[in-house]
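Number of protein chains: 2
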Amino acid sequence: ARPRVGYFYAGKKSGQIFGDQLRKMLVREYKAVPINIAENTSVYDAIVMMFMEDVGSIFVVKEGGLLAGVVSRKDLLKVAIGNQDTREVPVTLAMTRMPNIVTVTGDDTVYDAAKKLIDYQIDSCPVVRPVDAAGRNLEVIGRFTKTTIAKVFVELGENREV
Amino acid sequence: ARPRVGYFYAGKKSGQIFGDQLRKMLVREYKAVPINIAENTSVYDAIVMMFMEDVGSIFVVKEGGLLAGVVSRKDLLKVAIGNQDTREVPVTLAMTRMPNIVTVTGDDTVYDAAKKLIDYQIDSCPVVRPVDAAGRNLEVIGRFTKTTIAKVFVELGENREV
Numbered sequence: 054a055r056p057r058v059g060y061f062y063a064g065k066k067s068g069q070i071f072g073d074q075l076r077k078m079l080v081r082e083y084k085a086v087p088i089n090i091a092e093n094t095s096v097y098d099a100i101v102m103m104f105m106e107d108v109g110s111i112f113v114v115k116e117g118g119l120l121a122g123v124v125s126r127k128d129l130l131k132v133a134i135g136n137q138d139t140r141e142v143p144v145t146l147a148m149t150r151m152p153n154i155v156t157v158t159g160d161d162t163v164y165d166a167a168k169k170l171i172d173y174q175i176d177s178c179p180v181v182r183p184v185d186a187a188g189r190n191l192e193v194i195g196r197f198t199k200t201t202i203a204k205v206f207v208e209l210g211e212n213r214e215v
Numbered sequence: 054a055r056p057r058v059g060y061f062y063a064g065k066k067s068g069q070i071f072g073d074q075l076r077k078m079l080v081r082e083y084k085a086v087p088i089n090i091a092e093n094t095s096v097y098d099a100i101v102m103m104f105m106e107d108v109g110s111i112f113v114v115k116e117g118g119l120l121a122g123v124v125s126r127k128d129l130l131k132v133a134i135g136n137q138d139t140r141e142v143p144v145t146l147a148m149t150r151m152p153n154i155v156t157v158t159g160d161d162t163v164y165d166a167a168k169k170l171i172d173y174q175i176d177s178c179p180v181v182r183p184v185d186a187a188g189r190n191l192e193v194i195g196r197f198t199k200t201t202i203a204k205v206f207v208e209l210g211e212n213r214e215v
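Residue numbers (the UniProt record's numbering), protein chains in the order written: chain A, 54 to 215; chain B, 54 to 215.
Don't read these hints as lab results, they were simulated from the structure. Misleading hints may appear alongside valid ones.
[Said to hold, decoys possible] In the SDA-like style, the derived pairs of lysine to any residue whose C-alpha atoms are separated by at most 25 Å in a straight line are:
hint : chain 1 : residue 1 : chain 2 : residue 2
1    : A       : K77       : B       : D73
2    : A       : K204      : B       : K168
3    : B       : K169      : A       : E82
4    : B       : K127      : A       : L146
5    : B       : K168      : A       : R76
6    : A       : K127      : B       : I171
7    : B       : K131      : A       : P143
8    : A       : K169      : B       : K127
9    : B       : K204      : B       : S125
10   : B       : K168      : A       : D165
[Stated by the list, open to error] Cβ-Cβ distance ranges computed for the label pairs, FRET-style:
hint : chain 1 : residue 1 : chain 2 : residue 2 : range
11   : B       : E141      : A       : Y173      : 30 to 38 Å
12   : A       : E141      : B       : A91       : 33 to 41 Å
13   : B       : R76       : A       : D107      : 24 to 32 Å
14   : B       : E82       : A       : K131      : 32 to 40 Å
15   : A       : P152      : B       : N153      : 41 to 49 Å
C-beta: ideal position from N, C-alpha, C; glycine also.
Here chain A stands alone, though its shape is the one from the complex:
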């Protein structure tokens, strides 16, 4: 279901055509599976989960898969070099909370999502769907990361029609 393109018409600069193409790719087509944990998880268990799933960030969710926080390798490393026992520290103390979490939706373009990661200097963010009109409750439906971008980049470079 990925966007297809045909032949070019002449007279458009390549940079423009690149840009046009990139702006047609949607997050929903490329997002990765989210790795979620409950709010009562310890920092230690979050680290173990991170290694088991081999991801750089994990989402902390409330009932119904609603986004409560995001925790990165960096957040966990910060706690781990402190003097506390990571088994005793709840992950909620290490995570970034709403409303400070940067999110994207499935309708965003891969370009806009990539720009967000660069602008906010983060490695990944949750792909969400608002479940109320005010957009205060967000259901986590995916993960968008720099790995996602690198994969898209390699796909574009494969000299095949994308």
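For this one, chain A is given, so just place chain B on it according to the hints.
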């Protein structure tokens, strides 16, 4: 000094043109500055350096800036949740060593480097220059990461000539 492109000729599929363009971008034009530490650094000091420089991986170098190892957030997190004092553990115990380090050179294309990161499932790698004919000694001259790729991707999407 980045590669410039002109107008397209018709009849080439967009995927092909994307690929052709991406394969002209060289690592030397896009690489980031490497963050290096000496072999006698502790895991604790490596973690502090990682936070200060806000990078995901650090290179361990011998005299003359020659590559000895690579240490990632993941490597350091693994030591940090162990029961050892991170101040007592040398970073050489946590790092990936030569010849197991994935490297790229300035002459590699950004596409080939991106493909390496994906294929080896790593977030970054050192950009090196061999200093002997056998290629056994590698001088670290840069850092190529998924952030580098994301930045190139955003640049491509900016709808301007690249």
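Right, here's what the structure says about each hint:
1. Between the alpha carbons of A/K77 and B/D73 the distance comes to roughly 20 Å, so the proposed pair stays at or under 25 Å and holds.
2. At most 25 Å may separate the alpha-carbon atoms for a hinted pair to count; A/K204 and B/K168 meet this at roughly 8 Å.
3. For the hint pairing B/K169 with A/E82, the CA-to-CA distance comes to about 23 Å; that is within 25 Å, so the pair holds.
4. Simply put, B/K127 and A/L146 have alpha-carbon atoms about 20 Å apart, close enough for the 25 Å limit, and the pair holds.
5. Our distance criterion of 25 Å between C-alpha atoms is met by B/K168 and A/R76, whose separation comes to about 22 Å.
6. Our distance criterion of 25 Å between C-alpha atoms is met by A/K127 and B/I171, whose separation comes to about 21 Å.
7. Restraint check: the Cα-Cα separation between B/K131 and A/P143 comes to about 19 Å, which is no more than 25 Å; the hinted pair holds.
8. A C-alpha spacing of about 24 Å is found between A/K169 and B/K127, which places the hinted pair at or below 25 Å, so the restraint holds.
9. Proximity of B/K204 to B/S125 is assessed by CA-CA distance (about 21 Å); at most 25 Å being required, the pair is judged to hold.
10. Note on B/K168 and A/D165: the hinted pairing holds, with a Cα-Cα distance of about 22 Å set against a maximum of 25 Å.
11. Taken as a hint, the range 30 to 38 Å holds for the pair B/E141 and A/Y173, whose Cβ atoms sit roughly 36 Å apart.
12. Restraint check, A/E141 to B/A91: a C-beta distance of roughly 35 Å satisfies the suggested window 33 to 41 Å.
13. Distance hint check for B/R76 and A/D107: the Cβ-Cβ separation is about 29 Å, which falls inside the suggested range of 24 to 32 Å.
14. Under the hint 32 to 40 Å, the C-beta atoms of B/E82 and A/K131, about 34 Å apart, fit the expected range.
15. For A/P152 and B/N153, the hinted distance range of 41 to 49 Å is satisfied, since their beta carbons lie about 43 Å from each other.
Against the hints set out earlier in the document, no violation occurs for any number.
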